[in-house]
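Q: Fit chain E to the given chain H structure using the hints.
Residue-level listing of the chains:
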Amino acid sequence: MDSSIAPRLQLTGITKRFPGVLANDSVSFAVLPGEIHALLGENGAGKSTLVKMIYGIMQPDAGEIRWNGQALTIGNPKAARKLGIGMVFQHFSLFEAMTVLENIALGMDAKIHARDLEARIREVMEQYGLKLDPHRTVSTLSVGERQRIEIVRALLLNPKLLIMDEPTSVLTPQEVEQLFVVLRQLASEGCSILYISHKLHEIKALCDTATILRGGKLVDTCDPKVETSRSMAEKMIGAGLKEITKPASRSLGPEKLVVSRLSIPGAGPFGIALKDINFTVRGGEIFGVAGVAGNGQNALLLALSGEVLSGDAEAISIDGAPVGQLQAKSRRLKGLASVPEERNGHAAVPEFSLADNTILTARDRLGMVSAGLIKAGAAKTYAGEVITAFAVKALGPGAMAGSLSGGNLQKYIMGREILQKPAVLVVSQPTWGVDAGAAAAIHQAIVDLAAAGSAVVVISQDLDELLSLCDTLAVINEGRLSRPIEVAGADIEEIGLLMGGIHGEAPTTPTAELELADAH
Amino acid sequence: MDFLIAAIITIVGISTPILLAGLGELVVEKSGVLNLGVEGMMLVGAIAGFAATVLTGNPWLGVIGAAIAGALAASLFGFFVLTLNSNQVATGLALTIFGTGLSSLIGLSFVGRIVPQFGSVFPPELARDPLLKVVFGYSPVVYFALIMVFAVGWFLKSTRAGLILRAVGENDLSAHSIGYSVIGVRYAAVAFGGAMAGIGGAYFSMVITPMWAERMTAGRGWIALALVVFAGWRAGRLLVGAIFFGVLMWMELNAKAGGLSFLSFAQYIPSQFWAAMPYLMTVVVLTLISMRDRVGLNAPACLGKPFLPAT
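Sequence lines, in order, name chains H and E. Just so we're aligned, residue 5 is where the first sequence starts under our numbering, counting upward by one. Just so we're aligned, residue 37 is where the second sequence starts under our numbering, counting upward by one.
For reference, chain H alone in the conformation it holds in the complex (with noise of 0.2 Å):
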């Protein structure tokens, strides 16, 4: 076969059987060289597994890959390396403790003396205009850069298919577009890639092919900037996509939840001090705060849920009643109830049933514990309410929560909150990692919540969804907030330099942006 039509990855019916669960059912498509193709699905449509198979983490059950027309098995990641197939993980694999160098030596299966290793890594940076310290300790880098790290470590290997997973979901839009600017530069030198999301005007504006799971088998491959975003949504997920519905009209309510001079120092050396922070959110009204991980969103959560007491009782009112030296289960009686971000042992525990994990926020405004004992009826049949009105897939209240998908536990923690009725709920990245389906759903909630007259509060790094979601939104960089922003009419460029920690004036954080090259 002629080499230069060849495709550069070709699967053909791989299949891949889990205990239970038929994770890829004959899925087959071509990657071509120089090729931007992405892989469309939601969680758990057999993604990841696909990827995996091509890295050479799993092995497929049935099935063939084909590399550059020949066909093999890919045994482990280090023979996929030296195929020149590389990947950047969704979740970086990286050793907080270590620096970025030995970060890198740790991917490279050549043996290079460190210096070496340094004058290439500085020439692959240089080259596609990545800037990155290689002796700072990664525990100190910014997400954005982390991800730099593993895409320097890919690009080191001269990768012929270069695996991107979930690549932006930590990026600031203007991130976004300098690392696409990367990923161009790329497939135009011939290296193909596989572009792994779920978010559709990316893949639109970036990608040439577009390959759709769903339930582990291959739905469409299609021509992005030929489909609209709502037609590969709906083969995504395979019924016509239920859009938010806002009430036409609505008349905010009374200030709910008030947040005045609100400070609070940094926790250990890294942490983010909230500094200042100010704002008001009215009966019905949905707050979003922006931001990029890391500039102080979790402790504004601990802040507002209590988890962390502020100084000063007045910096945090609740109808009115300053709140901000009650702890977090006097403020759920007041009526606040939060959801953090991390689902795995901070809003549930893992090793508990489902029916156990209600009583962990709703025993005092449900009664559920009496003279010291548990009322485990009450417990169970409001855990049962919740899976039915949230349509949580889980065997029962009996379920444990770590057995749940994590859409469908995200949705049970939402609903646990959201059906106790609170005057103000406060929610962090309420769709991290969940399916477009559930994620809907727990946008639903949250309107609906509001529309009862709660205030909310969502603090995520997705500026979509908190565009389509909320009213009002504020960006918080280094700890501060900036003043809200009406989000009908809002500035999309301006939002994406406030999260970059540009506020109007010149930029005042150069050391962590992904620069252009000027070179190219």
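For the record, the hints were derived by calculation from the structure and aren't laboratory data. Warning: the hint list may mix true and false statements.
One-sided and incomplete, this derived list gives chain E residues near chain H with beta-carbon spacing under 8 Å [stated by the list, open to error]:
1) Arg-196
2) Leu-199
3) Ala-203
4) Glu-206
5) Asn-207
6) Ser-210
7) Ser-213
8) Gly-215
9) Ala-337
EDC-like cross-link-like pairs, simulated, lysine to aspartate or glutamate; straight-line CA separation at most 20 Å [what the hints assert, rightly or not]:
10) Lys-208(H) / Glu-238(H)
11) Lys-341(E) / Glu-355(H)
12) Lys-193(E) / Glu-106(H)
13) Lys-193(E) / Asp-227(H)
14) Lys-193(E) / Glu-259(H)
15) Lys-193(E) / Asp-468(H)
16) Lys-379(H) / Glu-389(H)
17) Lys-193(E) / Asp-113(H)
18) Lys-135(H) / Glu-122(H)
19) Lys-203(H) / Asp-227(H)
20) Lys-203(H) / Asp-468(H)
21) Lys-341(E) / Glu-100(H)
To list a few chain H residues with every Cβ distance to chain E over 12 Å, as calculated [as the list claims (entries may be wrong)]:
22) Ala-118
23) Arg-126
24) Arg-157
25) Glu-181
26) Leu-377
27) Lys-397
Note that the Cβ used here is the ideal one computed from N, Cα and C, for glycine as well.
A: Here is chain E on its own, set in the frame of chain H:
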């Protein structure tokens, strides 16, 4: 002056076994495994080294036998915690109990025997000189331990294998996803730790008191474990810590013997105080360093956690 020389020689002697075992445990913990069986592995090494020396008449073969026996005992631990994913703390404690019992059982037939001693590494005129023996007068095992401090430090900091070992201890799942054999690295580390603990144990039965007695390591395996934490998982500090703990143990010995007459306060302080000091100091140091963040603490992030890759 004589008193000082005697003190230094004693302190170096009692520091050596905890230094050896500590270096081994340092490598084990850096790979993410917590092996609390150091005391048991030391006792296994002590009897194996003693028995091998008695049977072959060669103390060098004794040390090698101790290292092999320690590594075998550690590999048994490795099989349980790495292959079968058993709880590391419980299995380590079981290893100590097992090692104590096994060494006593094997030792029954060696009670009352004596072993041939190591010759001097340096010319006898240096090793016996009243002053120079502070530098030249030790058992070869002492010099081996010193060399190992630098070897382990260099291995962890500057070699690729050391980098991989630290990576496995820092984030086992990532190391696995890059394609390193987490279990393989940990087996090697655990076996090395066992070999070092074995040699440390043999130092008791072959050098300190060249005869076999049950439980002759007298809890020094636990001090070695504390030493690793005290040293903040750094080889250089391990040496400093071993000497510091050596001083404390020397104080304990003196307090027991009613010595230390030159220090008037000593007679008011019971020996138990000095026996407790290494642990107390470890808690103090741990508290001090943990005021910094976890990375500053230098503790391996995966320490004690079983490796459970998603399939």
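Q: None of the hints should be skipped; say for each whether it holds.
A: Results of checking the hints against the structure:
1. Look at Arg-196(E): its Cβ gets to within about 6 Å of chain H, closer than 8 Å, so that hint holds up.
2. Using the Cβ-Cβ criterion of 8 Å, the hint placing Leu-199(E) at the interface with chain H is satisfied: the shortest such distance is roughly 6 Å.
3. Annotation: interface hint on Ala-203(E) holds; nearest CB of chain H at approximately 5 Å, less than 8 Å.
4. The beta carbon of Glu-206(E) comes within 4 Å of a beta carbon in chain H, closer than 8 Å, and the hint placing it at the interface holds.
5. Taking 8 Å as the C-beta contact cut-off toward chain H, the hint placing Asn-207(E) at the interface holds, the least distance being around 5 Å.
6. Residue-level restraint check for Ser-210(E) holds (minimum Cβ-Cβ distance to chain H is 3 Å; threshold 8 Å).
7. About 5 Å separates the beta-carbon of Ser-213(E) from the nearest beta-carbon of chain H, less than 8 Å, and the hint is met.
8. Satisfaction of the interface hint for Gly-215(E) is found here, the shortest Cβ-Cβ separation to chain H being roughly 4 Å, below the 8 Å cut-off.
9. With a least beta-carbon distance of about 7 Å to chain H, the hint placing Ala-337(E) at the interface is held under the 8 Å criterion.
10. Pair hint Lys-208(H) plus Glu-238(H) holds up; C-alpha atoms about 15 Å apart against a cutoff of 20 Å.
11. Of the pairs offered as hints, the one joining Lys-341(E) and Glu-355(H) holds, with about 17 Å between alpha carbons and a cut-off of 20 Å not exceeded.
12. Proximity of Lys-193(E) to Glu-106(H) is assessed by CA-CA distance (about 10 Å); at most 20 Å being required, the pair is judged to hold.
13. A distance of roughly 50 Å separates the Cα atoms of Lys-193(E) and Asp-227(H); the hinted pair therefore is violated under the 20 Å criterion.
14. For the hint pairing Lys-193(E) with Glu-259(H), the CA-to-CA distance comes to about 58 Å; that exceeds 20 Å, so the pair is violated.
15. At most 20 Å may separate the alpha-carbon atoms for a hinted pair to count; Lys-193(E) and Asp-468(H) exceed this at roughly 45 Å.
16. With a C-alpha separation of about 16 Å, the suggested pair Lys-379(H) and Glu-389(H) falls inside the 20 Å cut-off, and the hint holds.
17. Between Lys-193(E) and Asp-113(H) the alpha-carbon distance is near 19 Å, which keeps this suggested pair within the 20 Å criterion.
18. A C-alpha spacing of about 13 Å is found between Lys-135(H) and Glu-122(H), which places the hinted pair at or below 20 Å, so the restraint holds.
19. Using a Cα cut-off of 20 Å, the hinted pair Lys-203(H) and Asp-227(H) holds, with the two alpha carbons roughly 15 Å apart.
20. Only pairs whose Cα atoms come within 20 Å are accepted, and Lys-203(H) paired with Asp-468(H) is accepted, the gap being roughly 9 Å.
21. For the suggested pair Lys-341(E) and Glu-100(H), the alpha carbons sit about 17 Å apart, so the restraint of at most 20 Å is met.
22. Not every Cβ of chain E is farther than 12 Å from the Cβ of Ala-118(H); the closest lies at roughly 9 Å, contradicting the non-interface assignment.
23. Every beta carbon of chain E lies more than 12 Å from that of Arg-126(H), the smallest distance being close to 20 Å; the non-interface claim holds.
24. With a least CB separation of 9 Å from chain E, Arg-157(H) falls inside the 12 Å interface cut-off, contrary to its annotation.
25. Non-interface call for Glu-181(H) relative to chain E: holds, since the shortest CB-CB distance, roughly 28 Å, exceeds 12 Å.
26. Taking the minimum C-beta to C-beta distance to chain E, about 32 Å, the non-interface status of Leu-377(H) holds against the 12 Å cut.
27. Distance check for Lys-397(H) against chain E: the nearest CB is about 20 Å away, which clears 12 Å, and the non-interface claim stands.
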